[in-house]
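> Now for the letters of each chain:
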Amino acid sequence: MKIENKLILSNIINGAFIVLIGLFAYQNANMVLTKLRFVEIADDLNASFLEMRVSEKNFFLYHDRKALMDIRGKIASTMTTIEAEKDDIIRAIEEEDLKKLQSHLKAYSFAINGASTGDPRDPDLETKIRAAGKRLKEYSESISRLERTRVNDIILSSKRILIISFWVILASALIITHIISQKIVRSLRRIEKLTKSISEGNFNRIEGVRPRDELGSVIEAMDSMSEELAHREEQIIQSKKLASLGILTAGVAHEITNPLNNISMIAQTYAELYPKLGEHDRIEFMNKVDAETERIRKIVKNLLDFSKPKDAHPKQADINTVIQQTLTLVQNMIDVSNIETSIHLADGLPPVFVDDHQIQQVLVNLITNAVQAMTSGGRLVISSRPGKKGDSIEIGVADTGKGIAPEFLPHIFDPFFSTKGEGGTGLGLSVSYGIIKNHQGEIRVDSMVGVGTTFTLELPRYNNEEKNNE
Amino acid sequence: MNRHKIMVIDDEKIVGDMAKLSLEQEGYVVETFLNAEPALKRLQEEKFDVVVTDYKMKGIDGMEVLKTVKDLYPSTQVIMITAFANLDAAIEALRRDVHDFFPKPVKIRELKASIKRALEKQL
Numbered sequence: 083m084k085i086e087n088k089l090i091l092s093n094i095i096n097g098a099f100i101v102l103i104g105l106f107a108y109q110n111a112n113m114v115l116t117k118l119r120f121v122e123i124a125d126d127l128n129a130s131f132l133e134m135r136v137s138e139k140n141f142f143l144y145h146d147r148k149a150l151m152d153i154r155g156k157i158a159s160t161m162t163t164i165e166a167e168k169d170d171i172i173r174a175i176e177e178e179d180l181k182k183l184q185s186h187l188k189a190y191s192f193a194i195n196g197a198s199t200g201d202p203r204d205p206d207l208e209t210k211i212r213a214a215g216k217r218l219k220e221y222s223e224s225i226s227r228l229e230r231t232r233v234n235d236i237i238l239s240s241k242r243i244l245i246i247s248f249w250v251i252l253a254s255a256l257i258i259t260h261i262i263s264q265k266i267v268r269s270l271r272r273i274e275k276l277t278k279s280i281s282e283g284n285f286n287r288i289e290g291v292r293p294r295d296e297l298g299s300v301i302e303a304m305d306s307m308s309e310e311l312a313h314r315e316e317q318i319i320q321s322k323k324l325a326s327l328g329i330l331t332a333g334v335a336h337e338i339t340n341p342l343n344n345i346s347m348i349a350q351t352y353a354e355l356y357p358k359l360g361e362h363d364r365i366e367f368m369n370k371v372d373a374e375t376e377r378i379r380k381i382v383k384n385l386l387d388f389s390k391p392k393d394a395h396p397k398q399a400d401i402n403t404v405i406q407q408t409l410t411l412v413q414n415m416i417d418v419s420n421i422e423t424s425i426h427l428a429d430g431l432p433p434v435f436v437d438d439h440q441i442q443q444v445l446v447n448l449i450t451n452a453v454q455a456m457t458s459g460g461r462l463v464i465s466s467r468p469g470k471k472g473d474s475i476e477i478g479v480a481d482t483g484k485g486i487a488p489e490f491l492p493h494i495f496d497p498f499f500s501t502k503g504e505g506g507t508g509l510g511l512s513v514s515y516g517i518i519k520n521h522q523g524e525i526r527v528d529s530m531v532g533v534g535t536t537f538t539l540e541l542p543r544y545n546n547e548e549k550n551n552e
Numbered sequence: 091m092n093r094h095k096i097m098v099i100d101d102e103k104i105v106g107d108m109a110k111l112s113l114e115q116e117g118y119v120v121e122t123f124l125n126a127e128p129a130l131k132r133l134q135e136e137k138f139d140v141v142v143t144d145y146k147m148k149g150i151d152g153m154e155v156l157k158t159v160k161d162l163y164p165s166t167q168v169i170m171i172t173a174f175a176n177l178d179a180a181i182e183a184l185r186r187d188v189h190d191f192f193p194k195p196v197k198i199r200e201l202k203a204s205i206k207r208a209l210e211k212q213l
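Going line by line, the protein sequences match chains A and B.
Just so you know, we're using the working numbering here: the first sequence kicks off at 83 and counts up by one.
Just so you know, we're using the working numbering here: the second sequence kicks off at 91 and counts up by one.
What the hints contain is simulated information worked out from the structure, not anything from laboratory work.
Please note: incorrect hints may appear among the correct ones.
[As the list claims (entries may be wrong)] Capping the alpha-carbon separation at 20 Å, the derived lysine-lysine pairs in PhoX-like fashion look like this: (1) A:380 x B:103; (2) B:148 x A:370; (3) B:103 x A:484; (4) B:103 x A:370.
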């Protein structure tokens, strides 16, 4: 669910709860009002009843017949009041109670009616009337007392419920806010991790579960951004290639002109000195010509490798086997140098999808560089291990040679950049770079002057399904 | 006869070797160097009549050699050769009083003629 929707839902729930509490309080207040209205009526009735009892007393003490008339008038007006306020009364008390009150009133009225013909000095009559009057008054008073208690109860329970609701709403608001903010923080962390991986140059589609909330939309946006970045990177590489073609042309001119000049000068000198040269000298001259043509051939070959790295024929391969085959190629070079070698190949590495000849070419380049950087002896470490990302393998070629100066590091993969003087064409590393990029891999270098240089190749593992889909 | 001294500086060994063989035929004394540093050191010890230097070299380059030679011995003539046909470099060299500027591949006959002219200039 979207975080926005969660917030809205939690607000709706809390809001509904508050409305409910409000309704409850409103209803309680109404109830209290009704009850109070009744208590008001009951107080009036009680006052009337009290007056009836006073008239009753006058009748018995002073045998005043007018008092009976008063009582009858009061009874009639009370009955009218009850009838008029019946709805309000029923709302406050049970209909049963009202009926009982009315029957008590009727009984009293009946007794009074009986007294109008009887003798006021008759003690039976007096007892009867007094009992009926007392019952009526007590009943009415008990009802109003009960209702007062009820009003108190309602107010007390409302108060309690309002306090509890306050705490419940506060707690739920706090808990929901906490949960949602946790979720936002978690999402932000994940986004932070993803952007880091993109900034490290990982433009692959983001894997893993795609939540159906804002995070999901952000991941979606990042995916399209990565795609765009990958596309742009390709364009940049392409334009870099074009730019290096310019450098290449100038470089080729310079590189090839030197051996050409050498051949030309040998030929001129040969012609000039021919009569004076011995047979051995003549052969020496021709060997030099041959060596110079070999130099040109090498430049041209490297150039072709550089310009057409796309003619790779990748297949499933075990990287350790590729490394072992490379070692047999360079064994002789290592043997004649004053270098210690150690090989650390990890077991159980997943297969890779590579053109083994091209990878061998890269490794030969790196190992040759390492050996040449350690003219005064040192240690060469060649290793293979699972890649840090899990879906790749890493190959390390580390030497303890003279290292590469920091100002040269950004240029070592440029074509015709060489720190080796006449010994290097400056094409080895740029060709290697092209090959590894073409394998969707990476080539990295760490170097410290006087300590040594480590090249790390990262190659994607062979993915069976993916290749079948292609 | 006092034999003229020629110095050849080029990081291509064959250039020095061939120039030496050929120029010695003309009776010059030739010394060759693979880079500028030891060459300039040698020049501190002794004057050479003509210095033939490559333009593009690792470390000290041909322009630097030209400057140093002209500071040390204004009469010494410098001939520059280069695999890198660069007009700006040629103009700069001419401004600094270079005797001649040859693109590679070098015609030895032309080089010899140029050296001969350089020596005549000094008379």
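> Decide, hint by hint, whether the structure agrees.
Results of checking the hints against the structure:
With a CA separation close to 19 Å, the supplied pair residue 380 of chain A and residue 103 of chain B stays within the 20 Å bound. Note on residue 148 of chain B and residue 370 of chain A: the hinted pairing is violated, with a Cα-Cα distance of about 23 Å set against a maximum of 20 Å. Taking the CA atoms of residue 103 of chain B and residue 484 of chain A, the gap is near 25 Å; set against the 20 Å cutoff, the hint is violated. Between residue 103 of chain B and residue 370 of chain A the alpha-carbon distance is near 11 Å, which keeps this suggested pair within the 20 Å criterion.
Of the hints listed earlier, those the structure fails to meet are numbers 2 and 3, in rising order.
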